[in-house]
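Build out the structure end to end from the sequences listed, making use of the hints.
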Amino acid sequence: MANDEVSTATVSVEELQKTLNSLKEDLKRREKLCSDWKAKFLSKKTELSKIMAKQKAVQGKGTAAAATMDPENEEKILAEKDKKIQMLKQKLMEYKKQFSALKDRKAAAQQKAAARKAAGQSKALNIRLATKTKSPTASSKAATKKRIPDAKDREPKLDKKTQNPKTAASADGTKTEKPIQQKPSEKKENGMKVGMKVSTIDGRRGIIRFLGKLHCARGIWVGMELFSGTGSNSGVVKGKKYFDCMPKKGIMVKLEKIKNPKTVEKVDEDGVEEIEL
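Position 265, counted from 1, in the sequence shown is what this note's numbering calls 265; the numbers after and before it change by one each time, with no gaps.
These are calculated hints, taken from the structure and not from any lab test.
Only true hints are included.
Here are the simulated lysine-lysine pairs, DSSO-like style, with alpha carbons at most 30 Å apart:
hint, residue 1, residue 2
1, Lys-76, Lys-89
2, Lys-238, Lys-254
3, Lys-197, Lys-248
4, Lys-45, Lys-32
5, Lys-106, Lys-123
6, Lys-238, Lys-259
7, Lys-117, Lys-28
8, Lys-83, Lys-44
9, Lys-84, Lys-54
10, Lys-91, Lys-103
11, Lys-241, Lys-132
12, Lys-56, Lys-45
13, Lys-45, Lys-83
14, Lys-112, Lys-28
15, Lys-96, Lys-44
16, Lys-132, Lys-248
17, Lys-106, Lys-89
18, Lys-38, Lys-89
19, Lys-40, Lys-56
20, Lys-117, Lys-103
21, Lys-54, Lys-44
22, Lys-259, Lys-241
23, Lys-76, Lys-54
24, Lys-238, Lys-248
25, Lys-96, Lys-28
26, Lys-83, Lys-96
27, Lys-254, Lys-240
28, Lys-112, Lys-123
If you anchor each label on the Cβ, the simulated ranges turn out as follows:
hint, residue 1, residue 2, range
29, Lys-259, Leu-129, 24 to 34 Å
30, Leu-214, Asn-260, 15 to 25 Å
31, Ala-119, Leu-92, 40 to 50 Å
32, Ala-101, Leu-214, 51 to 61 Å
33, Glu-31, Glu-72, 41 to 51 Å
34, Ile-77, Asp-104, 39 to 49 Å
35, Lys-91, Arg-128, 53 to 63 Å
36, Ala-101, Leu-48, 24 to 34 Å
37, Gln-98, Leu-48, 20 to 30 Å
Positions of the beta carbon are idealized from the N, C-alpha and C atoms, including for glycine.
Structure, rendered in structure tokens:
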């Protein structure tokens, strides 16, 4: 559940980042459009100033063309030019307003994204701290008192038609692959082998169910089925099943985290040492 909440916070931050990128592109497009309209306005203004300069030159010289020029037509031309200039000015003002609105939206989106990201990180940190400090429940304590079944009881059943082990189904209904089968005398590392009862340096006791390398980490790892207490898995590490055990009774630790087997002489399956360490 903690991982689901963290992933939900991460997805919301990514969606907000996509929205921000689209707003940036829209802002660039509007800035370009505004600059185009501004260039058009300046060209029209230059053209109008040239026309007016020509008219003044004609009037100043007192030529016959200026004398015969119709004042009404001149006023109409000037009025049309003024209207076009006013329209260009209005459009320029509208684009300026849109540009400022887009800048405000961009700043608000950035603030919102930063706030969501900070909230997601703090929530994920709180979830991690809560899961670390969470004490074992009464049901888990009661489950530890029960006898742990032997390896023979946990062997997968064979299908009569295919003579292959049936695929095990997890708690959420998804199928997991067949675990890696290791015989008790198949592998030995530092005097340890599969089926041996050992103890970790932090005091957790159990039986070695797997001994070897993982597909996702370096070094030699030891898969243990705990006699008591709560583990972290049921023999599955990042989607790959390495051994069978009851839910929350399996752990995977490095070889260096296991005590010297010579110091653990006899441990019964209920987790009670016959000889103290």
